[in-house]
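Full structure from sequences and hints, please.
Residue numbers (the numbering used here), protein chains in the order written: chain P, -13 to 512; chain H, -13 to 373.
Please keep in mind that the hints were generated in silico from the structure rather than gathered at the bench.
Note that the structure is a prediction, hence the values are computed from the model and not measured.
For every residue, glycine included, the Cβ atom is placed at its ideal position computed from N, Cα and C.
Since no wrong hints were added, every one of them can be taken at face value.
Under the rule of at most 25 Å between Cα atoms (straight-line distance), these lysine to any residue pairs were calculated in the SDA-like manner: (1) P:Lys391 with P:Glu268; (2) P:Lys17 with P:Leu137; (3) H:Lys349 with P:His312; (4) P:Lys17 with H:Ala357; (5) P:Lys334 with H:Gln210; (6) H:Lys354 with P:Gln23; (7) P:Lys24 with H:Ala357; (8) H:Lys240 with P:Ala231; (9) H:Lys349 with P:Thr183; (10) H:Lys240 with P:Ala298; (11) P:Lys24 with H:Gly347; (12) H:Lys240 with P:Gly339; (13) H:Lys349 with P:Met16; (14) P:Lys232 with H:Ser230; (15) H:Lys349 with P:Gln23; (16) P:Lys17 with H:Gly347; (17) H:Lys240 with P:Leu341; (18) P:Lys126 with P:His75; (19) H:Lys240 with P:Asp280; (20) P:Lys24 with H:Leu342; (21) H:Lys354 with P:Asp(-9); (22) P:Lys17 with H:Tyr346; (23) P:Lys126 with P:Phe57; (24) P:Lys334 with H:Ser230.
So these bits of chain H aren't anywhere near chain P, every CB distance computed over 10 Å: (25) Ala11; (26) Leu17; (27) Val19; (28) Ile28; (29) Thr32; (30) Gln54; (31) Leu119; (32) Gly136; (33) Leu204; (34) Phe279; (35) Asp306; (36) Ala339.
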Amino acid sequence: MANHDINLTVRSGTVHALMGENGAGKSTLMKILYGMQKPDEGTIAINGELCEFHTPGDAIARGIGMVHQHFMLADNLTVWENVVLGGEHLYGIGGKAKAKIKEISDQYGLGVRPDALVEDLGVADRQRVEILKVLYRGAKILILDEPTAVLVPQEVDALFDNLRELKSEGVTVIFISHKLHEVLAVADAISVIRRGTTVGDADPKTVTARQLAEMMVGAELPSPESRESTVTTTEMLDVQGLRIAKTDAEGIERVVLDDISLRIHKGEILGIAGVEGNGQAELVEAIMGMLPLDAGTVTLDGKDLSGSLTRARREAGIGYIPEDRHRHGLLLEAPLWENRILGHVTEKPNSSGPLLDPTAARLDTRRIVEEYDVRTPGIEVTAASLSGGNQQKLIIGREMSHQPKLLIAAHPTRGVDVGAQAQIWEHIRVAQRNGLAVLLISADLDELIGLSDTIRVIYRGRLVADADPATVTAEDLGTAMTGAARGHIESEPEAVEHFHEILVEGTEAESDAGPTDTADDPQAGE
Amino acid sequence: MTSPNPPAAKRSLAQRISGERIVLALAAPVLAVVLSVTICSILLATSGKNPFDAWNVMITYATKSDGQVAILNRSTTYYLAAAAAAFGFRMNLFNIGVEGQYKVAALFTAYVGAQINLPSIIQIPLLLITAMLVGGLYASIAGALKVYRGVSEVISTIMLNAISIAIIGLLLVPGIFAPKQGTTSNSIQTDPVSQSSHFFSFNTAGGNLWGFIFIALLVGVAFQFVLTRTRFGFDLRATGRSESAATASGVNVKRMVMISMAVSGALAGLIGLPELLQNSYNFGQGFQQNLGFLGISVALLGRNSPIGMAFAALLFAFLDSTGSQLPLPKNGGFPFEIVAVMQGTIVICVVVAYELVRRYGLKRQQQKVGAQLAAQLAATEKKEAAA
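See the structure below:
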C-alpha cells in the first residue's frame, strides 16, 4: 500500500506545498491526481465538483497540469515547437500559437523565447518551458514535482518569483518538495505526508523548520554536520590531467572533462559540487575505468590504474556507489544475494577460483542485511521489491565489505528516506575514520558541506573553484556552480554562521544520529 | 532492538514465494498450450474435420514405441538447437544465425568425416570438435562485427544465414566437397562419412534410439553448471539482466559478447550431427532445414532454462513426429499444416504469457515484501509500547 487515508485540500490561487521524505508517497499521490494511476478508494473534487481521471488527458481537460522532475522536451526542436507538440489542436502550429506562447510568457513573467533551441537552454529555462507547456494547455492547477532538485540557489529564487506571479494571476500551484527552507519561503499552506498518509497541515508563517522536519519523519533528525578532521597526509587517489573528449553525432568534438587533477588522502572526503551534467558522471566513470581517457593518469595508493579495466580497478580497492542504482548498481530482477556478488564476483567470499560460492555469498548477504539494517523479509527476494533506501543500504554494505581504499559515492542519499540517510552518512563517517578516502558527488549542497573535508567545484568539465566547507555557504557555492566565481571561494564569516544555524535548525543537531525507526514502503520505480 | 528478521518468518515467506514461483513458471506454458489447442481445434472444426480425431491420431502414435523413439530422436536435435540459441539469449544476445551456423558446420564435418578414417574413439571427438569449431568461428564473425563495428547481431546473423546458403552452394559441388563422379540421383551430396564416424545407438522395439541423446544431456548439464555455478556464468547473466550494471560491476562486456557468440555458435555446430552421424551419414541438399529457427522457438518456450527447454523440445518433437501421421489417408487425411499453426500459436501465446506472468510476479513480490515489513514493524512497535 503506497497511500491510504490521504486528505488534501488546496485553496485556489495559492502555493500549496506537499512535503514528505522520499518514499512517503508523494509521487504516488501526484500520479493519482494526474490520472496516471487509479485510486482504490476515495474521491477528487475540483471547485466542489467530483471528478474521475482515467488518463492524464482527463486531468489536463480539467485544468490540471504537471511539471515532471525530469524534463520531457525534445532537444533538437525550438521552444515553440516543443510547446505546440501534442497540442496542435489548440492554437494551430503557426503564428497564432507563437503569439499565444508570447502572451503566456509575458502574462506570467516567464521570459521564454519561442524561437530558441531547447538544447541551447539551461536547466532553469527548460523548466520554464515545461511550465509554459502546461499553461498553454489551459492548466489552472499546476503540479510541480521537486522542481528545485536540479536548480542552484539563485535559480530557485527566480523560480519562486515565477510561482508568485502565477499565484497572483489565479493559478493554483501544488509544490512537492522535501527541502524545508524552500517550502517555508514560498508556500501559503503546507501538507505533510508520512508513510503514505497525511499527517498534518502547517501554516508556514508560524511553523519552524524543525517542527516541519519532525512532522515529516516523526522522529529526531540527523544532520550531516561534520566533526573533527580525520584527514591524513597519506595520498590515496591521485588524478592528474584527466581529459575526455567525445565526438557527437555531427562529428564535433565536445570536451567533457578537461585537465582534471585532484588528490584524496586517507581519511579524507573530497566533495565535488556542480550542477548536474557538468562532467561529474564522466569523472566517476573515468576513475572507474568505464570511459577511455584521452589523457591523464589515475593512481590509487601508488599503483597506476590508468590502463586498467573496471574489474581490475575494483579489485585494487575502489568501492562504487553509483548515481543511478537501478542502472548501475543492481540487478533488479535478481535476488539480493546475487546482487551482493555483483561487482565483486572475483573476490572472496563470492567465489573461489573460477567457481561461484553461493553458500558463502548467501551467508555474507545475511550479515550485510543485519549490519546495515536492510529491511527485507529475506535474501531470496528480488532487489526490485526493496525500497530505495534499503537498496542503497545493500549497495553500501556490499561495497564496504571488500575493504575499499577509495569509495566513490555519487549522490549516496538520493531518493533515500531520512532515516536511511542518517545511517548512510554514519557508515561513510565510520569508514572515513578507519582511513577510507571518499570522492563524494552530491547535488545536495547541505550534504556536501556537511560531510566533505574539501570541496571542489566542477563547471563545464573543469574544476574551477575550491572551498573549505567550514567557511562557505550554500549560496556562494551555488554561485561558483554557475561558473560565476573561480579560484578559492570564502564566504563572509557572518553569512557562514547564519548558514550553519539554518543547517542545524533545519536538519537538527548531530550526536543522536543513530538509526531512526522510519519505515519505508517498498515502492517500485523509485 | 530485536532482529528485524526472525528466522521463522523468513523461511515461511521464502517457501511461499518459491512455491508460488513454480506455479507462476508453469502457468504461462500450460496456458499457451491450452490456448493453442483450442485455436487449432476451432480451425480444424471450421475446415470440416473433427478435431478430436486429429488429437486422437497424434496421441495414439505417441503411445507406440516407434513413435516414442521418433519423438526422442527429434527432441535430441531440437534440444541442441534450443541450447545454442538460449546461450546467447541469456545475455540478451540474439543469435538468429543458429540456422546458418549449423548448416556450415555440418557441411565441413561431413567432409572431414568422409576424408578421415581414424578409430571411433578419436574420430568422433574429432568430428564433434570440428563441428563446434566451424560453428563457433562462423558465429564469431557476428560477434566481432558487434564488438568492433557496433553492428546489431540480429542483422548480421540474419545476413550470415543467407551467406551460409551461398557458401554451401559454392562448396557442395562435384570436385570440391561432393564426389567428382555424378551419381545416378539428381541431388548432390558429400561422400558418406567413414564407418568409424557412426555414432552409437540403441536398438529398441521402436527402432534405433540415437546415442546423441547423451550429448544433448551433457550439453544441458554443462549449460546449467556454467550459468549458475561459475564466475563466467554470473557475468553472463548479469550482462543479460542489465548491461549497464554489468559494465559498472567490471564485466568486460565486449569480451563477453565475443565469447558468448562463439559458444552459441559452437553449440549450434552440434545441431546437425545427430542427423549426420546417426541417420543420413552425408550432407546433401536434402539435409534437415530450419532447425535453427525451431531452436529459437523451443528456447523461448523453455524460457532459456535447461530443464524448461527439455520439456519444450519434447513437446515440439511430439507435435512434429505425431503430426506427420495426420495426413495419412488411413488416419483421415488431416492437413499437416495444423502442426505448424499450433507451434506458432504456442510460441506467440507463451511470449505474451511469460511477460504478463513476469510482471505480475514482480509486483506481487513487492506487495508481499511490503506487507511482511509492515507486519514486522507493527510487531516491533507493539513490543516497544509494551516495554
